[in-house]
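Chemist: Sequence:
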Amino acid sequence: MPKAKFNTVPTELVEHAEVAYDYFHQLGYSIKLEPYEIHYPTRPTLVCKSHHTQLVILVSGRVDIQQLQNWVSLAKSLTTDFRVAICISGDAAAKHLPKHQLKIKELGIGIYISADGKLAKFSDPVYQNIK
10 MPKAKFNTVP TELVEHAEVA YDYFHQLGYS IKLEPYEIHY PTRPTLVCKS
60 HHTQLVILVS GRVDIQQLQN WVSLAKSLTT DFRVAICISG DAAAKHLPKH
110 QLKIKELGIG IYISADGKLA KFSDPVYQNI K
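Note that the numbering used here has the sequence shown beginning at 10, numbered continuously upward.
By construction, these hints were calculated from the structure, which means they are not laboratory data.
Do not rely on the hints blindly, as some may be mistaken.
The calculated lysine-lysine pairs, modelled on BS3-like cross-linking and capped at a C-alpha distance of 30 Å, are [said to hold, decoys possible]:
(1) 85 - 114
(2) 112 - 127
(3) 112 - 58
(4) 114 - 41
(5) 127 - 58
(6) 114 - 104
(7) 130 - 108
(8) 14 - 58
So the derived label-pair ranges between C-beta atoms look like this [said to hold, decoys possible]:
(9) 36 - 89: 25 to 31 Å
(10) 125 - 71: 16 to 22 Å
(11) 50 - 110: 20 to 26 Å
(12) 111 - 59: 25 to 31 Å
Note that the Cβ used here is the ideal one computed from N, Cα and C, for glycine as well.
Please take these sequences and the hints and turn them into a complete structure.
Modeler: Put into structure tokens, the structure is as follows:
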């Protein structure tokens, strides 16, 4: 399996970014690492594509609701199936999810938790353009 090389992910989060990369690669997604697009609100860690679906993965050590709202706004403005998810460590999940879980669910953001070299899906990202 190809080894992912991250340039903008903080050192303490690289292992979680690598776990996310391996997880989505094994699922058959084509993956872009830290791509820059002019219309993106921030540089995502991964953009995973499968058929007509694009999934943005934001690896973070905390939950930034404003950043997530900006990504959801972008997703809703597009005509494609564009979904957003965060990937956080087990420790960060225990610290931040109790406070933000309801808002994340309302936004339709997926949650992936990285712990012990594995990635677990906590909740699915949703297609933002369903009316």
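Chemist: Assess, step by step, whether the Cα of residue 127 is no farther than 30 Å from the Cα of residue 58, and give holds or violated.
Modeler: Holds - the C-alpha atoms of residue 58 and residue 127 are around 21 Å apart, at most 30 Å.
Chemist: Does the Cβ distance between residue 125 and residue 71 fall inside 16 to 22 Å?
Modeler: The hint (16 to 22 Å, Cβ to Cβ) holds, given that residue 125 and residue 71 are roughly 20 Å apart.
Chemist: Range hint 25 to 31 Å: satisfied by the CB atoms of residue 111 and residue 59?
Modeler: holds (28 Å)
Chemist: For a C-alpha distance cap of 30 Å, please report whether residue 85 and residue 114 respect it.
Modeler: Answer holds: residue 85 to residue 114 is near 16 Å, not above 30 Å.
Chemist: Does the structure keep residue 112 and residue 127 at a Cα separation of 30 Å or less?
Modeler: Holds: residue 112 and residue 127 sit about 25 Å apart, inside 30 Å.
Chemist: Between the beta carbons of residue 50 and residue 110, is the distance compatible with 20 to 26 Å?
Modeler: holds (22 Å)
Chemist: Between the beta carbons of residue 36 and residue 89, is the distance compatible with 25 to 31 Å?
Modeler: Since residue 36 and residue 89 have Cβ atoms about 19 Å apart, the given range 25 to 31 Å is violated.
Chemist: Given the hinted pair residue 112 and residue 58, is their alpha-carbon gap at most 30 Å?
Modeler: Holds, because 25 Å separates the two Cα atoms, which is no more than 30 Å.
Chemist: For the pair we were handed, residue 114 and residue 104, check the Cα-Cα distance against 30 Å.
Modeler: holds (17 Å)
Chemist: Between residue 130 and residue 108, does the CA-CA distance stay at or below 30 Å?
Modeler: With a Cα-Cα distance of about 19 Å, the restraint between residue 130 and residue 108 holds, given a limit of 30 Å.
Chemist: Starting from residue 114, check that the Cα of residue 41 is at most 30 Å away, please.
Modeler: holds (25 Å)
Chemist: Does the alpha-carbon distance linking residue 14 and residue 58 stay inside the 30 Å limit?
Modeler: Since the Cα atoms of residue 14 and residue 58 sit roughly 18 Å apart, the hinted pair holds (cutoff 30 Å).
Comparing the model with each numbered hint stated earlier shows that hint 9 is the single one that does not hold.
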